[in-house]
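**Student:** Model the full structure from these sequences, guided by the hints.
If you read the protein sequences in the order shown, they are chains P and L. The numbers in the first sequence follow the working numbering, run straight up by one, and end at 98. The numbers in the second sequence follow the working numbering, run straight up by one, and end at 150.
Hints are supplied without guarantee of correctness; some may be wrong.
Subject to a maximum C-alpha distance of 27 Å in a straight line, what follows is the list of computed DSSO-like cross-link-like pairs (lysine-lysine) [as the list claims (entries may be wrong)]: (1) P:K63 - P:K75; (2) P:K42 - L:K111; (3) L:K111 - P:K37.
A few chain L residues that face chain P, going by a derived Cβ cut-off under 8 Å, partial list only [to be verified]: (4) V10; (5) I12; (6) E19; (7) I22; (8) Y53; (9) Q100; (10) A103; (11) R106; (12) H107; (13) R110; (14) K111; (15) L123.
Listing some non-contacts, in silico: residues in chain P with all C-beta distances to chain L over 10 Å [claimed, not checked]: (16) V35; (17) C36; (18) K37; (19) D44; (20) K49; (21) P56; (22) K63; (23) Q65; (24) S70; (25) C73; (26) Q89; (27) P94.
Don't read these hints as lab results, they were simulated from the structure. Every residue, glycine too, gets a C-beta built ideally from N, C-alpha and C.
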Amino acid sequence: MSDERTGGRGRGGKKDDKAKGGERPRGGFFRRRRVCKFCADKIDYINYKDVRLLTPFIPERGKIQPRRISGTCAKHQRALQTAISRARQLALIPYVTD
Amino acid sequence: MSQNRQYELVYIVAPETGEQEIADLHTQVEQIVQRFHGTFEKTENWGRRKLAYEIGHHKEGVYVVETISGSGEMVKEIERRLRVADSIIRFLTVRVDEDQRVAQRRHDERKATQARRRTARGLPPEPQPGERRGDMDEEDDRMEGVEVSR
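**Tutor:** This is the structure in structure tokens:
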């Protein structure tokens, strides 16, 4: 917020600075703000039997998507981790896919 | 029993097992629960499901989920039995009461803050249908669809 002032680049210059998440001030990269899915949807308990809930966090290879990509908060990532490993034991989700 | 904990027991039965044998396994579990003075809450049969990976030549399995409560000793005995049974290809026991308590508390807290904030703004404590922005968006979408079709 205060950055806008210290930047001193006039107000007409870049209006969409905030929309880019502040990471890349210029260049055409448009990054949407990542929100933790479980916080947004108010999911308190990540059920390991709910495959539909877990699959978006498992990309092609079968690994767990890191937080920096999915945007999940630390608390929910931890819960997600245990849910995924339980689902893997029950062969609901693969360990690896080649 | 002094300990009363809730567990979720999931086991996968080999696909070639008959209905009768699956029912027998279920009654076996139920008997153990009774012997340890636990309570049997519910059972769910998901039926035949494809496994995400092969477990000892099996590509499919019949999933059974049981919710039971009782002591740790009881779980120990059930697990021992399941390990011995040939038709069981995989099982998992998870203690659920603590997690559910935490989830319930979070849910209640959220409800309470929502009600508090809403009353502070002079609104009824419960959100009314069609009031939230998400609902409005849905309505907008519907309207757009109408325009397109015209």
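**Student:** Give a verdict on every hint.
**Tutor:** Hint check:
Taking the CA atoms of P:K63 and P:K75, the gap is about 19 Å. The hint holds against a cut of 27 Å. In summary, the hint linking P:K42 to L:K111 is supported, as the alpha carbons are separated by about 11 Å, within the 27 Å threshold. Note on L:K111 and P:K37: the hinted pairing holds, with a Cα-Cα distance of about 19 Å set against a maximum of 27 Å. For L:V10, the interface hint holds, the least distance from its beta-carbon to any beta-carbon of chain P being 6 Å, beneath 8 Å.
The restraint placing L:I12 at the interface with chain P holds, with a minimum CB-CB distance near 7 Å, inside the 8 Å limit. A hinted interface residue such as L:E19 counts as satisfied when its beta carbon comes closer than 8 Å to some beta carbon of chain P; here the least separation is about 21 Å, so the hint is violated. For L:I22, the interface hint is violated, since its Cβ never comes within 8 Å of a Cβ in chain P; the closest pair sits about 17 Å apart. Using the Cβ-Cβ criterion of 8 Å, the hint placing L:Y53 at the interface with chain P is satisfied: the shortest such distance is roughly 5 Å.
With 8 Å as the threshold, the beta carbon of L:Q100 comes within range of chain P, its nearest partner Cβ sitting at about 7 Å, so the hint holds. At its closest, the beta carbon of L:A103 sits 4 Å from a beta carbon of chain P; the interface hint therefore holds under the 8 Å criterion. Taking 8 Å as the C-beta cut-off, the interface hint given for L:R106 holds, the closest approach to chain P being about 5 Å. Annotation: L:H107 was flagged as interfacial toward chain P, and the flag holds, the nearest CB pair being 5 Å apart, inside 8 Å.
Annotation: interface hint on L:R110 holds; nearest CB of chain P at approximately 7 Å, less than 8 Å. Taking 8 Å as the C-beta contact cut-off toward chain P, the hint placing L:K111 at the interface is violated, the least distance being around 10 Å. A cut of 8 Å between beta carbons decides the hint on L:L123: the least distance to chain P is about 19 Å, and the hint is violated. P:V35, annotated as away from the interface, keeps every beta carbon of chain L farther than 10 Å; the closest lies near 14 Å.
Consistency note on P:C36: stated as away from chain L, and its beta-carbon is indeed over 10 Å from all of that chain's, at 14 Å minimum. With a least beta-carbon separation of about 15 Å from chain L, P:K37 lies farther than 10 Å from that chain, consistent with its non-interface assignment. Under the 10 Å C-beta cut-off, the non-interface status given to P:D44 relative to chain L is violated; the minimum distance is some 4 Å. The claim that P:K49 lies off the interface is violated: its Cβ sits roughly 7 Å from the closest Cβ of chain L, which falls inside the 10 Å cut-off.
For P:P56, the requirement that its beta carbon stay farther than 10 Å from each beta carbon of chain L is met, with the minimum near 16 Å. Every Cβ of chain L is farther than 10 Å from the Cβ of P:K63; the closest lies at roughly 14 Å, confirming the non-interface assignment. The claim that P:Q65 is not at the interface with chain L holds, since no C-beta of that chain comes within 10 Å of its own (minimum 17 Å). Listed as outside the interface, P:S70 is consistent with that label: its C-beta sits roughly 20 Å from the nearest C-beta of chain L, beyond the 10 Å cut-off.
The Cβ of P:C73 sits about 13 Å from the closest Cβ of chain L, beyond the 10 Å cut-off, so the non-interface label holds. Separation of P:Q89 from chain L is inadequate, the least Cβ-Cβ distance of about 5 Å not exceeding the 10 Å criterion. At roughly 4 Å from the closest C-beta of chain L, the C-beta of P:P94 falls inside 10 Å, breaking its exclusion from the interface.
The structure fails to meet hints 6, 7, 14, 15, 19, 20, 26 and 27 from the earlier list, while all remaining hints are met.
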